[in-house]
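Residue numbers (this note's numbering), protein chains in the order written: chain X, 1 to 240; chain H, 1 to 232; chain Y, 1 to 224.
These are computed hints drawn from the structure, not numbers from a lab. Certain hints may be false.
Claimed, not checked - To list a few chain H residues with every Cβ distance to chain X over 10 Å, as calculated:
no., residue
1, 70
2, 118
3, 222
Unchecked claim - Below, simulated SDA-like cross-link-like pairs (lysine to any residue); rule was C-alpha separation at most 25 Å, straight line:
no., chain 1, residue 1, chain 2, residue 2
4, H, 223, X, 223
5, H, 221, X, 91
6, Y, 20, X, 91
7, H, 64, H, 204
8, H, 100, H, 40
9, X, 91, Y, 41
10, H, 218, X, 30
11, H, 223, X, 31
What the hints assert, rightly or not - These stretches of chain X come out as covered by chain Y in the derived footprint (C-beta under 8 Å, 3 or more residues):
no., segment
12, 112-121
13, 172-179
14, 185-199
Cβ atoms here follow ideal geometry from the backbone N, Cα and C, with glycine treated the same way.
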Amino acid sequence: MVYAHETGHFASIGFAAVDAAIELDGLERRYGERVALRGVSVRLAPGATLAVLGPNGAGKTTLLRVLAGLLRPHAGTARVFGAEIPDERWKVPAQVGYLGHEPLLYRDLTARENLTYHARLHGVDRSRVREAIAAVGMERRADEPLRELSRGMVQRLAAARAVLHDPPLLLLDEPRAHLDPAAAELLEPLIGRGSGRTRVLVSHDVERALGEADVALGLRAGRQAFAGNPDPDAVRELYR
Amino acid sequence: MYSKGLIPLAGATVVTLAAAMALVFFYAPLDADQGFVQKIFYVHVPMAIVSLCGFVAGGIMAIKYLRSRDPSWDMRSYVAIHISIILGVGVLATGAIWAKASWGHWWVWDEPVLVSFLVVVLLYCVYYPLRFSIEDRERQARYSSVFAIAAGAFVPLNFAAVRMAEAYTHPRVLSQTGGNLPGEMRLTFLVSLLAMTLLYVTLWKLELTSKHASMQLKRLKRKLAEREAVAA
Amino acid sequence: MIAAAGAILRKDLRLELRTKESVPAMTLFTLTVYVLFHFGLDRDSLDGALAAGVLWVTLLLAAVIGVSRIFAVEREQGGIDALLLAPVDRTSLFLAKAAALFVFLVAVEVVAIPAFALLLLGPGLAGMLPELLAILALGDLGIAAVGALVAALAAETRARELIVPLLLLPFLVPVLIACAQATEPFMRPDQGPEDLGRWLALLTLYDVVFVLLSVAVFDYLLED
């Protein structure tokens, strides 16, 4: 693949025949009067990984939530596999697996009950639940309420939840939080580069995120600092 | 934007109000049973009708907002409800005065207009804390609109329920609000109703204009602050 | 939509069975309020309008507790986001929450109404059972529909524990009027129906209006 970089504007991946997995153009989102994102423009090809970098409060989580269809953009366009947000928002859930700060699981239900609930919501066959529990290595404790599990185990289950409906796009917000290296290794085939899914990765582990990414997007106070293949100076500047 | 036609409208309101007052005091005959006190009817009932219509109109404007997502409809709905609540409090006050003068009590539970208004005003008062405890503008407009629609549908239902309850527990039917008024009283009533409607629309437009102006001012100030920040 | 609503409802009932958060609290609350009325009114047994009023006011107050808790678990544990991330209509959330409230209210009434007959009611309940069930069913439906709507309206506000009762109780005044008026004749010493059809008709109208209205507007809530 050939990457065309143009800082501050479109970072497009030369894969002309394939439609973009993600297309953002002049994206803007406010909370009340406060601007959380402004002028974010990025393109990501299917199968590629986008690393979103920036200090706290830069708008990284907001960006993920817009892509997930949880927040509507206030200006600009956002497309996920060609579906325009928010007008075609209903097409997005089937395409997107979201793994954020909150596990989005009920503490008083067991792993199996939680995942069965999500399988029903997504219209996924219940046999997928058993597979997903096995994939994150939680068979032995699948019938205990989540409040009795460690935070790392809950994070593993949250990853299982995010990929339960086999989405082509993953939105990952610090996916390795609370995970020990072994558990992180275990999740690699589900949410890692090897999963074959398009990924948007928010992480404070800059070195590692850049290592995994095809494209990087730097955000600072909601504005796009760079998009494309950043030079180390630009990244350092971001966190300065 | 909202101030268009405000001055002629205000003029018409003043003229109609003056005419209504003149009719009430010099033209309409004294009521045989209640005497002079009955004249508060010409304020109380038009106020009640206009206020109720305002609540329902607020609901309809809220539907328009949800359809169009145009914030100005939310603002219109908000101001309509706001003015209606003020008139609603007026209805309660004039009703209480009337009740005191003709029955000797400040409050009577067998007067459906009064009782429904108490419930409606209590419900709509919650509009303010609901609206102003949501910070995000867009969400505030959406939630306020949903409230305005639900409450707008509630107003007639509540009226029917209270009326039914009073009709069955107190078979005495009060005729003050009935349609069979003598001719002079009817004319006076209709002019009063027109005056109240005009007053409502004038207040609504005035409040919208001032809200719009202060929002405009805030926006300009913010722009200025941004420009100064950039310059510095 | 129905399948998704069923999934949410099953989840809610399972959570309630496990945490026992709402129904026991609501039931306990009704019993406490009976005791309060006993002392407040200084009466050992009630009949007629007083009995109907005490019963329905108590049930409405208990409903406030259920309504203010009905979205708590979603708000605290990310359930709303999970639903928005699923290919699910938000109307199904309304249907599920209203259905859960209905089930909670029925569960409370299974205890609260016999307890009322035992503790406070003068005349017996046996003669009015079918009619009472009809009144309860329609009343609960109205409370559940408006309750789910109010809970969703208040969910995003800062002062939600204040807004839920302030909003819910005025909305339920017509339900109180109809239910209390319909129940009252059965609670007189000379039991017998009176204008029952009229009050059931009013309740049905109320239920239809608010179920349809909530279904129509619910999509605009909970979205960002």
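Cross-check of the supplied hints:
With 10 Å as the threshold on Cβ separation, the claim that residue 70 (chain H) sits away from chain X holds: the shortest Cβ distance comes to roughly 14 Å. Non-interface status of residue 118 (chain H) relative to chain X is upheld: no Cβ of that chain comes within 10 Å, the nearest being about 35 Å off. Against chain X, the non-interface label of residue 222 (chain H) is violated: not every CB pair exceeds 10 Å, the least being about 7 Å. A hinted pair counts as satisfied when its Cα atoms are at most 25 Å apart, and residue 223 (chain H) with residue 223 (chain X) qualifies at roughly 18 Å.
Distance restraint check for residue 221 (chain H) and residue 91 (chain X): the Cα-Cα separation of roughly 41 Å exceeds the 25 Å cut-off, and the hinted pair is therefore not satisfied. With a CA separation close to 37 Å, the supplied pair residue 20 (chain Y) and residue 91 (chain X) exceeds the 25 Å bound. Restraint check for residue 64 (chain H) and residue 204 (chain H): satisfied, since their Cα atoms lie roughly 17 Å apart, inside the 25 Å limit. The straight-line distance between the Cα atoms of residue 100 (chain H) and residue 40 (chain H) is roughly 12 Å, inside the 25 Å bound, and the hint therefore holds.
With a C-alpha separation of about 59 Å, the suggested pair residue 91 (chain X) and residue 41 (chain Y) falls outside the 25 Å cut-off, and the hint is violated. Restraint check for residue 218 (chain H) and residue 30 (chain X): satisfied, since their Cα atoms lie roughly 17 Å apart, inside the 25 Å limit. With a C-alpha separation of about 17 Å, the suggested pairing of residue 223 (chain H) with residue 31 (chain X) holds against the 25 Å cut-off. With 5 residues carrying a beta carbon less than 8 Å from a beta carbon of chain Y, the segment 112-121 of chain X meets the three-residue requirement, and the given coverage holds.
Here the segment 172-179 of chain X counts 0 residues with a CB under 8 Å from a CB of chain Y, which misses the bar of 3, and the coverage is violated. Judged by the Cβ-Cβ criterion of 8 Å, the segment 185-199 of chain X is not covered by chain Y as claimed, because only 0 of its residues qualify and three are needed.
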